[in-house]
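K.L.:
The primary structure of each chain is shown beneath.
There are 2 protein chains.
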Amino acid sequence: MNGEIIAVGTELLLGNIVNTNAQFLSEELSNIGINVYYQTVVGDNKERLEEVIKCALSRADLLILTGGLGPTDDDLTKETVASLLGLDMYLHKESQELIEKYLNKKISQSNLKQAYIPKGAIILKNDNGTAPGIIIENGEKIIVLLPGPPKEMAPMFSQKVKPYLEKKSPYVMRSKILRLFGIGESSIGDKIKDLMQNDNPTVAPYAKDNETILRVTARAASKEEADNLNSKMIKEIDKRLGEFIYSHDDTALNIVCARKLIEKNITIAAAESCTAGLFAATLAETPGISSVLFESVVTYANEAKEKYLGVKHETLEKFGAVSEETAREMADGIRERSKADIGISITGLAGPDGGTEKKPVGLVYIGIATEDGTKTYELKLIGRDRNKIRHAAVMNALSIVYKSLE
Amino acid sequence: MNGEIIAVGTELLLGNIVNTNAQFLSEELSNIGINVYYQTVVGDNKERLEEVIKCALSRADLLILTGGLGPTDDDLTKETVASLLGLDMYLHKESQELIEKYLNKKISQSNLKQAYIPKGAIILKNDNGTAPGIIIENGEKIIVLLPGPPKEMAPMFSQKVKPYLEKKSPYVMRSKILRLFGIGESSIGDKIKDLMQNDNPTVAPYAKDNETILRVTARAASKEEADNLNSKMIKEIDKRLGEFIYSHDDTALNIVCARKLIEKNITIAAAESCTAGLFAATLAETPGISSVLFESVVTYANEAKEKYLGVKHETLEKFGAVSEETAREMADGIRERSKADIGISITGLAGPDGGTEKKPVGLVYIGIATEDGTKTYELKLIGRDRNKIRHAAVMNALSIVYKSLE
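Chains E and X, in that order, are what the protein sequence lines are. Each residue of the first sequence is one higher than the last, beginning at 8 in the working numbering. Each residue of the second sequence is one higher than the last, beginning at 8 in the working numbering.
What the hints contain is simulated information worked out from the structure, not anything from laboratory work. For glycine and all other residues, C-beta sits at the position ideal for the given N, C-alpha and C. It is possible that some hints are incorrect.
Claimed, not checked - Pairs of lysine-lysine, BS3-like flavour, derived with a Cα cap of 30 Å:
id: 1; chain 1: E; residue 1: Lys53; chain 2: X; residue 2: Lys200
id: 2; chain 1: X; residue 1: Lys387; chain 2: E; residue 2: Lys387
id: 3; chain 1: X; residue 1: Lys325; chain 2: E; residue 2: Lys346
id: 4; chain 1: E; residue 1: Lys183; chain 2: E; residue 2: Lys167
id: 5; chain 1: X; residue 1: Lys325; chain 2: E; residue 2: Lys215
id: 6; chain 1: E; residue 1: Lys61; chain 2: E; residue 2: Lys183
id: 7; chain 1: E; residue 1: Lys112; chain 2: X; residue 2: Lys271
id: 8; chain 1: E; residue 1: Lys158; chain 2: E; residue 2: Lys112
id: 9; chain 1: E; residue 1: Lys148; chain 2: X; residue 2: Lys61
id: 10; chain 1: X; residue 1: Lys395; chain 2: E; residue 2: Lys183
id: 11; chain 1: E; residue 1: Lys198; chain 2: X; residue 2: Lys113
id: 12; chain 1: E; residue 1: Lys158; chain 2: X; residue 2: Lys395
id: 13; chain 1: X; residue 1: Lys158; chain 2: X; residue 2: Lys148
id: 14; chain 1: E; residue 1: Lys271; chain 2: E; residue 2: Lys242
id: 15; chain 1: X; residue 1: Lys346; chain 2: E; residue 2: Lys325
id: 16; chain 1: E; residue 1: Lys113; chain 2: X; residue 2: Lys387
id: 17; chain 1: E; residue 1: Lys314; chain 2: X; residue 2: Lys314
Stated by the list, open to error - Examples of chain E residues toward chain X, derived with CB under 8 Å:
id: 18; residue: Val25
id: 19; residue: Gln30
id: 20; residue: Val49
id: 21; residue: Gly50
id: 22; residue: Tyr123
id: 23; residue: Tyr213
id: 24; residue: Ala283
id: 25; residue: Ala291
id: 26; residue: Pro294
id: 27; residue: Ser297
Given these sequences and hints, build the entire structure.
P.N.:
This is the structure:
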């Protein structure tokens with residue numbers, strides 16, 4: 008089965024928003040084993056939409072259309088599809104009642120059209136908006152209509168359309184996503200070249216800011232068989248790249264790190280200079296962080312490093328704020344004064360100004376103080392912009408903390 | 008003139024990446040006054056790409072293709088277009104030399120194909136990669152080929168393609184983007200309903216997280232005339248909505264606020280609880296912040312509020328951490344201890360746990376202490392998730408600071 012994705016909406020053609028629906032649906036279909044050969048975006052225009060649908064029907068088995076199910080005159084996806092396929096529309100009482108319940112008032116004339124359904128269509132209840140989705144089985148073709156807003160479309164697809172499509176497929180595809188930090192995509196390639204040429208499961212690398220994703224995907228007759236194939240492959244990847252893999256289930260580093268701290272009840276405090284609170288804020292995205300994060304400081308100025316952390320004036324004079332020595336004293340200082348188990352320090356040149364030949368923009372020192380002593384790390388994040396340097400520094404600090412907990 | 012955007016790349020069809028190129032180009036074309044009626048995504052497949060190009064040529068005057076200009080076998084956009092239009096390709100010596108210079112080595116066989124150009128095409132030098140872009144004028148049609156990677160495509164378009172297209176247009180379109188905070192999209196609609204129905208300039212609202220954008224676009228024979236039309240419209244919008252407009256040139260609130268602090272040399276320090284450093288980090292995105300931000304604290308635990316800020320134990324006992332009283336003492340405390348001109352405090356319930364009926368998740372207090380005294384603000388960010396609450400709290404704090412500087 009191959010699929011085509013059609014996003015309906017003039018706001019997309021004006022470049023007002025990015026077509027995240029197409030990416031979401033393409034990824035989801037790929038995971039079920041349905042190939043997508045075309046994605047199209049067309050405006051709220053009956054003639055052009057008809058043309059696009061006709062074209063898609065000539066080359067795809069499955070059409071998924073998003074958008075144009077709203078209550079305004081611009082919303083015409085359902086009407087256009089029904090008219091093209093020669094299907095009458097009828098008023099679906101249950102949908103009308105659901106819309107009235109959702110809006111908490113009697114249905115307006117414009118909302119009423121959202122309750123009209125093409126004859127014979129499967130109706131998908133919308134738990135996050137007014138417009139129901141629909142699936143039309145037309146001969147060999149399947150046409151799925153989903154709402155445009157991602158927060159309505161995505162749950163409806165995941166909960167209602169995906170199971171429907173999975174039943175149509177003779178096999179199951181299962182993916183596991185590994186996240187790696189501290190090694191580049193080409194070095195990863197060197198270590199698992201043979202695995203990346205494997206047919207089933209496949210191993211596909213994707214570069215992200217500061218990290219690499221490995222997607223392991225298996226195809227089999229059942230979930231269990233597919234999961235089994237993945238496990239074997241992941242075991243082999245672990246053997247070769249284990250020290251760089253921080254998540255086997257696509258969880259971001261800041262969350263993985265925060266959860267580990269919470270689980271082990273290890274308290275942490277940071278003294279941040281150039282990152283200015285980004286490290287603490289990033290840890291605090293995880294609920295429950297209040298059990299291990301009590302205080303943290305942003306010591307942007309040298310005086311603040313002295314005042315809050317007891318960094319020696321002589322150290323700052325002799326080695327400068329961006330130095331291994333200062334990072335060490337900052338980490339010791341925050342650990343001591345906060346009484347946390349782990350003290351983290353981040354001091355660096357985020358730029359764009361302030362760099363010299365000896366200390367260029369992108370030079371960052373991270374210190375970690377624990378009961379076992381204090382270590383410092385030097386990063387050279389050369390050639391990046393201010394905010395990329397700050398984010399990379401935070402990622403490195405999270406990795407250093409996470410590794411210290413293993 | 009109407010345009011069609013074609014993105015070439017199997018990684019798009021697999022849902023590995025989002026098609027940001029289409030959004031960028033659509034917005035840019037819209038700003039030049041070129042209508043986009045279709046966007047298509049197709050894979051690295053000669054037959055399907057040919058089909059898509061033929062279809063586009065039948066319905067659009069301008070085709071912009073991105074992707075498929077690389078050195079691998081999968082890259083076939085240029086070859087497919089040339090063959091479809093019956094154009095021979097020749098080796099462009101200058102492009103070959105530029106590629107060798109960029110790679111700092113003798114050109115490989117695969118990179119060499121990137122230096123082949125269809126006869127008669129305009130060549131666009133790539134300052135950020137190896138593949139040159141090209142413009143083919145084919146009768147009434149214009150076909151533009153650009154590299155896929157955004158950091159190569161976007162500058163090439165802006166610096167080379169846009170001026171080319173602007174010359175082809177009989178008129179000029181100019182936009183100004185206003186950013187509004189503290190008023191909802193429908194209230195904005197109420198106040199400028201008549202202006203939003205204007206034909207030239209047009210006024211279009213876009214909702215973003217925590218704020219609304221108003222895009223004012225004028226069409227005229229010259230830049231000056233268009234700018235003039237925009238200025239008159241913006242003057243009227245200022246009359247009605249001025250108190251909510253924080254930027255007349257699409258600059259984000261954290262940058263606007265930071266620049267104002269730096270310009271006026273007004274120092275600031277924050278005491279953050281639930282936002283945990285996000286406020287300080289957000290201000291520090293702007294270079295030069297070190298002249299006004301010397302220190303900031305994250306006082307997540309009650310004890311930390313007492314220790315760092317001198318918040319009274321009785322206040323915390325009686326009113327709780329999330330209260331107007333605590334916010335006030337936090338703001339006073341950080342201002343006093345840091346000696347900053349402005350002391351900001353943020354304390355709230357980010358959730359998902361910890362809410363009660365009296366103090367629900369989403370309840371946030373912000374305090375601002377200046378030489379003129381201390382004010383507190385209560386926010387009820389109900390129904391949002393943890394990180395949306397934290398970001399909204401930061402936006403509100405930035406707005407409060409910014410307004411205090413006016």
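K.L.:
Does each hint fit the structure? Answer for all of them.
P.N.:
Each hint tested on the structure:
no., hint, verdict
1, Lys53/E x Lys200/X, "holds (27 Å)"
2, Lys387/X x Lys387/E, "violated (43 Å)"
3, Lys325/X x Lys346/E, "holds (27 Å)"
4, Lys183/E x Lys167/E, "holds (22 Å)"
5, Lys325/X x Lys215/E, "violated (48 Å)"
6, Lys61/E x Lys183/E, "violated (37 Å)"
7, Lys112/E x Lys271/X, "violated (51 Å)"
8, Lys158/E x Lys112/E, "holds (22 Å)"
9, Lys148/E x Lys61/X, "holds (25 Å)"
10, Lys395/X x Lys183/E, "holds (28 Å)"
11, Lys198/E x Lys113/X, "holds (28 Å)"
12, Lys158/E x Lys395/X, "holds (15 Å)"
13, Lys158/X x Lys148/X, "holds (27 Å)"
14, Lys271/E x Lys242/E, "holds (26 Å)"
15, Lys346/X x Lys325/E, "holds (27 Å)"
16, Lys113/E x Lys387/X, "holds (29 Å)"
17, Lys314/E x Lys314/X, "holds (14 Å)"
18, Val25, "holds (4 Å)"
19, Gln30, "holds (4 Å)"
20, Val49, "holds (6 Å)"
21, Gly50, "holds (6 Å)"
22, Tyr123, "violated (27 Å)"
23, Tyr213, "holds (6 Å)"
24, Ala283, "holds (4 Å)"
25, Ala291, "holds (4 Å)"
26, Pro294, "holds (6 Å)"
27, Ser297, "holds (6 Å)"
Hints 2, 5, 6, 7 and 22, counting from the list given before, are not met by this structure.
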